[in-house]
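Student: Each chain, letter by letter, is given below.
2 protein chains.
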Amino acid sequence: MRNTVLFSDITIVTPDMADSVSIMEHAYCVTSGNTIEYVGVSKEEATQVAESFGEYDVYEGKNRILCPTFVNAHAHASMSIFRNIADDLALEPWLFGEIIPREDKMIAKDFRYGHLLSLAEMIEGGTGCAANMYDGARICSEASVEAGFRCQQTALGKKFIDGVWHTDEDEVRDFVDYCKNETNGLILPSLLVHSIYLYTEDFYTPLKELGEKYKTPISVHISETRTENANCVNQYGMSPVEKLDSFGLLTDTTVAAHCVHLSDNDRTILADRGVWVAHNPSSNMKLASGFADMISMQKAGVRLCLGTDGASSNNNQDMYMEMRLASFMAKATSYDSTVLKASEVFRMATRTGYLACGFTDCGIIGKGMKADLQIVDYDCPQMWPLGNPLSALVYSCGPKCVESTMIDGKFVYYKRELTTIDMERVKAETSESMDRLK
Amino acid sequence: MRNTVLFSDITIVTPDMADSVSIMEHAYCVTSGNTIEYVGVSKEEATQVAESFGEYDVYEGKNRILCPTFVNAHAHASMSIFRNIADDLALEPWLFGEIIPREDKMIAKDFRYGHLLSLAEMIEGGTGCAANMYDGARICSEASVEAGFRCQQTALGKKFIDGVWHTDEDEVRDFVDYCKNETNGLILPSLLVHSIYLYTEDFYTPLKELGEKYKTPISVHISETRTENANCVNQYGMSPVEKLDSFGLLTDTTVAAHCVHLSDNDRTILADRGVWVAHNPSSNMKLASGFADMISMQKAGVRLCLGTDGASSNNNQDMYMEMRLASFMAKATSYDSTVLKASEVFRMATRTGYLACGFTDCGIIGKGMKADLQIVDYDCPQMWPLGNPLSALVYSCGPKCVESTMIDGKFVYYKRELTTIDMERVKAETSESMDRLK
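Protein sequence lines, in the order shown, are assigned to chains A and B. The letter at position 39 of the first sequence is residue 39 when you use this note's numbering, and the numbering goes up by one with no holes. The letter at position 417 of the second sequence is residue 417 when you use this note's numbering, and the numbering goes up by one with no holes.
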């Protein structure tokens, strides 16, 4: 492919700067390098812009929608090697009996190829970015850069020695330097603060200071289950939100996953601090965690995005599914079919997700923004006749309809072929991982 | 394709006669005509059986799952022409403001091509049969037979003249004869009794007698919304289940859609009568009808299957989605991740659906059963590594992974190409329908 691409006579669906979603039919878009250079309805202007960059490719837009790639705002990508091995179990036997014993035996290649497998799945489903919370920051990020995939990636930032957690400043400093100097802006670092229940009380302040020193966002699980809340109240006399806030861990760069069981006060704190909440409807339903109250969070002014959680608790990584389910869950639990409309969940899955991950120039199809785009083929029974293109994307579409995915100006999936990931190798290695970690 | 097919070295996942699901790896299956002639793990035996029918084709099973086609036990297929035109609305403005005014203007070709469009979508998603509740019995059934698709299809059985409903015995008799004599067993008739709220009280007994005379099952919506229940109690002093039962309309051939709001007594009646309940998780969530209590129905002994409802209230017709959502909904509402396991929703979507529709020799991969089969390609990031094949089908798979669909021994979808439906014509006609009916 050439460096410049002209998307011709295509339907553009994009979040706009006015907090809504714009639909433009018979539109044109030009990307050059990693930047969107033209968006509009003039073929002539689009052609002039494209020609100004030299030779260019044309992507024919008949029966196609061009929209931003999705952001999977809560992923554990390497966990795809634990897919479909332990289902229909209660949380504890699943986590402590099946998942953690396997994680304890993971070696470097398990992180790498599990991660690449998830990237392949996400890319095929129109996702171009993830907030990835997992150990193996460097090895996973190198895989992301190879695949041309954008991530906010956690540094672990700690070591478990003789039963005690210690901060690992070297790892954080090295990873922050690596992200800045060697990833072409594809990877932004954050710091993993797993949850309020995994560490002893005295460890949260050192973690917070480490994050502050290296200016990393915090990535954290909050109030996923009723048990977590009950234990926290029992131990600290506060909710997980309140207790984490007491350490100063909740800021306008914190990404908080789940947030299923919140009080009014919790929601006020999350809104006041500007925390980004990553809602995970599939995972919360499958693990019987409950229904996050998106409507109350929305009313309280909490900033909302969407994630899949790991492939071992979902069991796929399909952001179309999560948009659909987020809307469905809000409608069904409130007995109101007008809430969490298509426009709202579409923004959560795109623009808001990018802002949550710190990629402020992604998630809107507009001049000067990054060229992170997906092309949806609606020439298929599942999406025909198109009707409202935004409704079609949220309520009818799925990975089957995604034809191409461009990240940072490069097609990583072109006309249904992955261009950057060697799937035969990934398949062989992940099969071996699953077998070995039994 | 030849008349005989040998599926070679494939993973078979099938409901069995013992009320569970069997998984057979490195298995073989031979179909000849519309019948399964061999199932087992012996290549030699399979080959002998295949050869006994003369020349045969081989379907290579590497990285493939063979399982029964799904039954969409509650469909309004022609409504695909109203897809994505009216979303995020309350039920009344949606139904009375957007859908019914369009339905009133439908002409014959709208029924035909809308129906074919839905069949194409279902076939591509591994569905081989539907309980289709809609007007246009004959025209829809002719389309089904052309497409090689199995249906339990409602006869309307009534006419609306001068504001009054009258039974239409001629239509029912003719349609029953047609099904028996001209559809090669693909179409079974039922009688449309829309709901307890659409007709005056005196019309239910004539409808019931008409169904009895022609031995047709009854197809009915029950307790979809709280409003329906409240109105019924207000008018009759009984719930919809109780009132329909008082007319004798609930029997062991009745297919009752939705059943979202039931009392203990309602569930006891449904179980005692042997009614088949078609659960529609996506539609019930999207229209904010609520959560059907599948666990209580299961405990009461109600027979459960799954449906998508129409494409205008879902907005796709993906039985993988419905299996997944049925399980998720039951888990989340009960705070118990061990309920409605993969095996249970898989049986609901396959064997139980066929029994509900009256196709008693479908839905199990076993010798002598009908050859209604789908082939799933798990050589893709979304389903890799496979893990438990049943979990993978229910929790990871989707229409993207369906490679082929065979109905009544004939490939209607072969290696991702529809073989019986002229999609260019269907697309043109349904686009015209959507535009005209605006």
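Bear in mind the hints are in silico, worked out from the structure with no lab data behind them. A hint or two may mislead.
Identical copies look the same in the list; a pair holds intra-copy or inter-copy alike.
Said to hold, decoys possible - 27 angstroms max Cα-Cα, derived DSSO-like pairs, lysine-lysine:
1) K159 - K367
2) K367 - K208
3) K427 - K243
4) K62 - K427
5) K415 - K427
Student: Taking the hints in turn, state whether each one holds.
Tutor: To see whether the hints hold, each was checked on the structure:
For a Cα distance limit of 27 angstroms, the shortest separation of K159 from K367 qualifies neither inside one copy, at 44 angstroms, nor across copies, at 58 angstroms. For the identical chains of this complex, K367 and K208 are neighbours neither inside a copy (37 angstroms) nor across copies (64 angstroms), given an alpha-carbon limit of 27 angstroms. Taking CA atoms no more than 27 angstroms apart as the test, K427 paired with K243 passes in neither setting, with 42 angstroms inside one copy and 57 angstroms between copies. In the homo-oligomer, the alpha carbons of K62 and K427 lie at most 27 angstroms apart only across protomers (14 angstroms), although the nearest pairing inside one protomer, at 34 angstroms, exceeds that limit.
Taking CA atoms no more than 27 angstroms apart as the test, K415 paired with K427 passes in both settings, with 21 angstroms inside one copy and 21 angstroms between copies.
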